[in-house]
Amino acid sequence: MARHPKLASTLPVADDEDLVAAILAGNDEAARAVIERHGPRLLACARRLLGNDPDAEECLQEAFIRIFSKLGSFEGRSGLGTWLYRITTNTALELLRRRKRIEEIDIEELLPVFDDRGCRIESIDESAPLEELLASARTRAFVRARIDELPEGYRTVLLLRDVDEYSTAETATALDISQANVKTRLHRARAALKKLIEPILGGEPCP
Amino acid sequence: MRMNCREIEEFVLAYIDGELRLRVRLTFNFHLAMCPECRAYLRKYRTTRELVRSIHDRRASAPQAAGPDEPIPERLIEAILAARRDEPGGSV
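Those protein sequence lines, which keep their order, are chains X and B. Going by the numbering used here, the first residue of the first sequence is number 1, and it counts up by one from there. Going by the numbering used here, the first residue of the second sequence is number 1001, and it counts up by one from there.
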């Protein structure tokens, strides 16, 4: 196993550029350092998109195989972290496409309701302040669980746009759908999630 | 031009993102001023959006938060490195 003498002693503080060079030279320790440095964030991303740990770990392994094979073509235009994140996201989305379709909630059941005159049917009770909701660990867990209940095509758009901060155009490219479709799905995902978390928005304790 | 609640719904995303043209925005705001149900809906819609954005924030102190700082299990690291060695052009 090739060792980069200078790098071996300084791996914890080596920058990404040095690590990439060392990995391309065949340094296993540098490869480990990249996994340890960036892996946790990538695994969290995969977990969000895939919804469970075994699939997320499978995704991370697959993503790193691609990462190491493509590392020679990494030009450093974006930071290494960003590049790794994109590969991981794309890998997760491919795994999602390969998954068997499971029984999903019909999003239509969760969309806003209007009466015959086109008037919204909505409770006008005061909602709990956002800071109060964010401070509660149970609330946060409740919201995460409800996100997992959204139909996959809508959940993915919601996560890419509102959590991973992909632009509309980037989301459209990642999912191979139109930008108009991204906007429609995002709006519906938010509206549906609002309905799923309605009890706690009004300040009720988590069910 | 007036819109009812069902017609307003189509513009909610653009309104929240500040992308409505002036004329439509004025109509939208007029409707909001007259409609407590749509005001309540928008409040909760915005709160929902902020909750989604922040629940995966690494700054979250909630113990259940699957924060990005959880280290990768050693067996997973080993599996990735082993796969790298097996790939053509892997480590020397």
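By construction, these hints were calculated from the structure, which means they are not laboratory data. Virtual Cβ for every residue (Gly too), placed ideally from N, Cα, C. Incorrect hints may appear among the rest.
[To be verified] Straight-line alpha carbon distances no greater than 25 Å define the calculated SDA-like cross-link-like pairs of lysine to any residue that follow: (1) Lys195(X) to Arg146(X); (2) Lys195(X) to Cys1035(B); (3) Lys195(X) to Asn1029(B); (4) Lys183(X) to Arg1002(B); (5) Lys195(X) to Arg1039(B); (6) Lys70(X) to Trp83(X); (7) Lys70(X) to Glu1074(B); (8) Lys70(X) to Thr82(X); (9) Lys183(X) to Leu1020(B); (10) Lys183(X) to Leu1026(B); (11) Lys195(X) to Glu1007(B); (12) Lys195(X) to Glu1074(B); (13) Lys70(X) to Ala21(X); (14) Lys183(X) to Phe1030(B).
[Stated by the list, open to error] To give an idea of the interface, some chain B residues facing chain X are shown, with a C-beta separation under 8 Å as derived from the structure: (15) Tyr1015; (16) Gly1018; (17) Thr1027; (18) Asn1029; (19) Glu1070; (20) Ala1083.
Query raised in the report: Can Gly1018(B) be said to touch chain X, with a Cβ gap under 8 Å?
Result: For Gly1018(B), the interface hint is violated, since the closest Cβ of chain X sits about 14 Å away, which is over 8 Å.
Requested in this report: Take the C-alpha atoms of Lys70(X) and Trp83(X), compute the straight-line distance between them, and say whether it is at most 25 Å.
Outcome: The hint holds at about 11 Å.
Report task. Given the hint that Lys70(X) pairs with Ala21(X), test it: the Cα-Cα distance must not exceed 25 Å. Result -> holds (13 Å)
Report task. For the hint on Glu1070(B), just tell me whether its beta-carbon gets within less than 8 Å of chain X. Result -> The hint holds - Glu1070(B) has a Cβ within 8 Å of chain X, the shortest such distance being about 6 Å.
Query raised in the report: Does the structure keep Lys195(X) and Asn1029(B) at a Cα separation of 25 Å or less?
Result: holds (23 Å)
Query raised in the report: Is the shortest C-beta separation between Asn1029(B) and chain X less than 8 Å?
Result: Status violated, d = 16 Å.
Requested in this report: For the pair we were handed, Lys195(X) and Arg146(X), check the Cα-Cα distance against 25 Å.
Outcome: holds (10 Å)
Query raised in the report: Taking 25 Å as the top limit, are the C-alpha atoms of Lys195(X) and Glu1007(B) close enough?
Result: holds (19 Å)
Query - Proposed proximity, Arg1039(B) with Lys195(X) (alpha carbon, max 25 Å) - result: holds (15 Å)
Query raised in the report: Is the hinted pair Lys183(X) and Leu1026(B) satisfied, with a Cα-Cα distance of at most 25 Å?
Result: holds (22 Å)
Report task. Given the hint that Lys183(X) pairs with Arg1002(B), test it: the Cα-Cα distance must not exceed 25 Å. Result -> holds (24 Å)
Query raised in the report: Quick one, are Lys183(X) and Leu1020(B) close enough, alpha carbons at most 25 Å?
Result: holds (14 Å)
In terms of the numbered hints stated before, the structure departs from hints 12, 15, 16, 17, 18, listed from lowest to highest.
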